[in-house]
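Those sequence lines, one after another, are chains A and B. First residue of the first sequence? That's -2 in my numbering, and the numbers climb one at a time after it. First residue of the second sequence? That's 61 in my numbering, and the numbers climb one at a time after it.
To be clear, the hints were calculated from the coordinates, so they are not data collected in a lab. Some hints here could point you the wrong way.
Restraint-style ranges between C-beta atoms, simulated for each label pair [as the list claims (entries may be wrong)]:
# : chain 1 : residue 1 : chain 2 : residue 2 : range
1 : A       : Gly36     : B       : Pro155    : 56 to 64 Å
2 : B       : Pro332    : A       : Ala130    : 23 to 31 Å
3 : A       : Gly215    : B       : Ile136    : 38 to 46 Å
4 : A       : Leu175    : B       : Ile136    : 44 to 52 Å
5 : A       : Gly215    : B       : Ala240    : 40 to 48 Å
6 : A       : Pro148    : B       : Lys468    : 39 to 47 Å
7 : A       : Gln123    : B       : Glu221    : 40 to 48 Å
Just a sample of chain B residues kept apart from chain A, beta carbon distances all over 12 Å, derived [what the hints assert, rightly or not]:
#  : residue
8  : Leu151
9  : Ala398
10 : Glu554
Computed footprint of chain A on chain B, listed as stretches where at least three residues anywhere in the stretch have a Cβ under 8 Å from a Cβ of chain A [as the list claims (entries may be wrong)]:
#  : region
11 : 247 to 261
12 : 431 to 445
Note that the Cβ used here is the ideal one computed from N, Cα and C, for glycine as well.
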Amino acid sequence: MTTLTLGGGRTIPARYVPVLVTACLFVAMFVVGGIRYDGFATGQVVLNVFVDNAFLLVVAVGMTFVILTGGIDLSVGSVVALSTMISAGLMAGPGWPPYVVIPLVLLVGSTLGLIMGYLIHAFEIQPFIATLAGMFLARGLCYTIGTESIPIDDPTFTAFAQTRIDLFADLWISPSVLVALVVVLVGAYVLHYTRLGRAVYATGGSEQSAVLMGLPVGRTKITVYTISGFCSALGGVLLSFYTLSGYGLHASGMELDAIAAVVIGGTLLTGGTGFLFGTVLGVLVLGLIQTILSFQGTLSSWWTKIFIGLLLFVFILLQRLFSTRTRR
Amino acid sequence: MTDHILRMSGITKTFPGVKALQDVTLSVRRGEIHAICGENGAGKSTLMKVLSGVYPHGTYEGEITFEGEKCAFGSIRDSEHAGIVIIHQELALSPQLSIAENIFLGNERAKRGLIDWNRTNFEAAQLMERVGLRENPTTVVTDIGVGKQQLVEIAKALSKEVKLLILDEPTAALNDDDSAHLLDLLRGLRESGITCVIISHKLNEVIAIADSVTIIRDGRTIETLDMAGDGVSEDRIISGMVGRALDSRFPPHQPTIGEEALRIEDWTVYSPSQPGRKVVDGASLNVRRGEIVGLAGLMGAGRTELAMSVFGRTYGVHISGKIFKNGRPVEIRSVQDAIKHGLAYATEDRKRYGLNLIEDIKRNISAAGLSGLSRRGFVDEHEEYRVAEGFHKSMNIKAPSVSSVVGKLSGGNQQKVVLSKWILTEPDVLILDEPTRGIDVGAKYEIYTIINRLADEGKAVLVISSELPELLGLCDRVYALCEGRITGELPREEATQERLMHLMTKGQE
Chain A
-2 MTTLTLGGGR
8 TIPARYVPVL
18 VTACLFVAMF
28 VVGGIRYDGF
38 ATGQVVLNVF
48 VDNAFLLVVA
58 VGMTFVILTG
68 GIDLSVGSVV
78 ALSTMISAGL
88 MAGPGWPPYV
98 VIPLVLLVGS
108 TLGLIMGYLI
118 HAFEIQPFIA
128 TLAGMFLARG
138 LCYTIGTESI
148 PIDDPTFTAF
158 AQTRIDLFAD
168 LWISPSVLVA
178 LVVVLVGAYV
188 LHYTRLGRAV
198 YATGGSEQSA
208 VLMGLPVGRT
218 KITVYTISGF
228 CSALGGVLLS
238 FYTLSGYGLH
248 ASGMELDAIA
258 AVVIGGTLLT
268 GGTGFLFGTV
278 LGVLVLGLIQ
288 TILSFQGTLS
298 SWWTKIFIGL
308 LLFVFILLQR
318 LFSTRTRR
Chain B
61 MTDHILRMSG
71 ITKTFPGVKA
81 LQDVTLSVRR
91 GEIHAICGEN
101 GAGKSTLMKV
111 LSGVYPHGTY
121 EGEITFEGEK
131 CAFGSIRDSE
141 HAGIVIIHQE
151 LALSPQLSIA
161 ENIFLGNERA
171 KRGLIDWNRT
181 NFEAAQLMER
191 VGLRENPTTV
201 VTDIGVGKQQ
211 LVEIAKALSK
221 EVKLLILDEP
231 TAALNDDDSA
241 HLLDLLRGLR
251 ESGITCVIIS
261 HKLNEVIAIA
271 DSVTIIRDGR
281 TIETLDMAGD
291 GVSEDRIISG
301 MVGRALDSRF
311 PPHQPTIGEE
321 ALRIEDWTVY
331 SPSQPGRKVV
341 DGASLNVRRG
351 EIVGLAGLMG
361 AGRTELAMSV
371 FGRTYGVHIS
381 GKIFKNGRPV
391 EIRSVQDAIK
401 HGLAYATEDR
411 KRYGLNLIED
421 IKRNISAAGL
431 SGLSRRGFVD
441 EHEEYRVAEG
451 FHKSMNIKAP
461 SVSSVVGKLS
471 GGNQQKVVLS
481 KWILTEPDVL
491 ILDEPTRGID
501 VGAKYEIYTI
511 INRLADEGKA
521 VLVISSELPE
531 LLGLCDRVYA
541 LCEGRITGEL
551 PREEATQERL
561 MHLMTKGQE
């Protein structure tokens, strides 16, 4: 009988608490930044966080699906890198047009995810190991395409990448942001309004009972890794918009950023509870830390890692309290 | 004056918003076996946690006197030091370590910082002999059954020079043989001067073993009965636990029996872990519409295995035999098939297999019948809410709303959620595996009423239960299962506990 009461937990359902904490944190960071630095408290600062992290957001959406089922996907960073490599390689070398290359890249990423998902389901391999293998495989494949950075100079591609979509009052976003937001909305819709979404939550909550409820657990697991593979590939495409290059060292360690964003967003690592909206907030918090440090100017970028580390500790502690309470 | 080894007086323990214990008094005489009885949630476990220092001194009011001294335990370590050891319902063994390592865990037999393995295994063997555990001390704990693991726990307690041994539901997970052995062991410990406190739901065991019994209800001590003195019966204890005499533990029911709904013929299932072992051996049975059929069997007889292998082959390998639904042969290869053919199976292990504990009531209710609530993959949330709200009322689920998290409900209410979930799939046949396990007496009655109602609606119900009185009180017909084989079938009028027990143990009357 544990009777921890989190702040406000009596009136707000416990499952929303982590997301609310993250939301408050984001607002607090924004307010503090606005007070300390001139030119910080503008809409464009927030929008730039989106612009700079659109690819991470997309990858984190896929990661959220996987973590909600109680799994983990370590391969996402490598798949992102592989995607930039394939895109750059095919456009720079044989000169394939983007509208052929991009679908192909998405197909490759999804297929990789599908294979990992199948292995995890059919042979009951732990997701950590299966996706660790996928991580090495995809990273290695990058170097079969080229060991150097490959620039992208396809005119359609660069034109699209450099487009600014003007909003009202001098505010602007990049097309990547739109793509990322569409992915988030579709993801949230799938999670909350479809049977697939229900199966995702149920699998993460208790896989054994989901099996006995007749839910398609195996199919769900394969599907989430496929989704994650697709999101990674799409994230790779967005990253190549952002950097206009393909390189085997791109996105190294990004799987950990994505996991951090998901966890900070309040999704339980053991699966079963969490929201995509939380993941969006998680990405924004990570992005805002970098923005604050760049405004500060005097601190090195390693401080980003230090802050992310501290934040993760706080959130893991929070999750611990939360999960001991629900488990009783 | 009697020699009391333990006196707890005026114990009050408050959790935010709830008074879990209120002025509880418990006196245990030296060298006796003292039983504590009460409904689930009455406060038995909380009381034991206060005693063993899980709730440290200062977080409760009242006084504990052990061996004539006032105690202020700050942790389990302190209470163990004083000689009080508690063995919880969920055993606390390290599964990958050997029996000997577990016995001396935290209390290692060491020489100059290094473990003395000879001494460890030798002393472990001695302790194991004392508790009647015939295994090699180096055997890994996962390789022995729950019954034997329980003995390891007791051996571990003995290694700590225990004076007062507390057992929380020690026989809940044991079959009758292991239970009997455990009770004998407790009697042996009593001979050797160890005082025992047991918390148990199994009143027949309490009657068989205890010297006195303290009944707790709603966080208060109701009474302490001396078993030798005042001819205490099960009904006497039950009336103390529930505060009212239970004339009928089972609601009256007049069955209207129709056509055959489910028939299983020559059903054989092999164990997935032990190749070649038949877990179910040529079993045949049938259930008719409107009929409640019982399946009696000891633990390990293959009851759950039979049910799960029928329900979409969720257990076992090399399954053979025929299933007939409404007289027609059907193939059931997955849980989805089973649900499609109108079968439902409510598992014996609600928490692990039956519910998603971190999810709310309405999503648990809708989980199995989601296809009926969705169109082209999209879930109709309004309909889902409406349906869940309907069950909330009709099943009398005690929770503030259908958005309450299932993990926080009591056992009885969790079971109602499980039943709602299956009723939503509109089954013709419900297989209920231990439908009242871990549920308190009042809620049991409600579950029985629901089961009767389901039968009256023309559904066929197959109930698996370890409690023979439950099968006799509820079922129109009872099958007995012994070592995977159906050894008999008795109609309600002819069934008695004795006849069933004969069939279950010997395979004949």
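We went through each hint and held it up to the structure:
The hint said 56 to 64 Å for the Cβ distance between A/Gly36 and B/Pro155, and at roughly 59 Å that hint holds. Here the CB-CB span from B/Pro332 to A/Ala130 is close to 27 Å, well matched to the stated 23 to 31 Å. Roughly 42 Å separates the CB atoms of A/Gly215 and B/Ile136, a value that falls within the hinted 38 to 46 Å. Restraint check, A/Leu175 to B/Ile136: a C-beta distance of roughly 58 Å breaks the suggested window 44 to 52 Å.
At roughly 42 Å, the beta-carbon separation of A/Gly215 and B/Ala240 lies within the given 40 to 48 Å, and the hint holds. Range check, A/Pro148 to B/Lys468: Cβ separation about 58 Å, and the 39 to 47 Å hint is violated. Checked against the given bound of 40 to 48 Å, the beta carbons of A/Gln123 and B/Glu221, roughly 42 Å apart, stay inside it. In this structure B/Leu151 is separated from chain A by more than 12 Å, as the shortest Cβ-Cβ distance comes to about 18 Å.
A cut-off of 12 Å between C-beta atoms contradicts the statement that B/Ala398 is not in contact with chain A; the least separation is 7 Å. Distance to chain A confirms B/Glu554 as a non-interface residue, since its nearest Cβ pair spans about 34 Å, more than 12 Å. Counting residues of the region 247 to 261 of chain B whose CB falls under 8 Å from any CB of chain A gives 0; the rule of at least 3 is not met. Counting residues of the region 431 to 445 of chain B whose C-beta sits closer than 8 Å to any C-beta of chain A gives 6, which meets the bar of three, so the coverage hint holds.
Consistency note: the structure conflicts with the earlier hints numbered 4, 6, 9 and 11.
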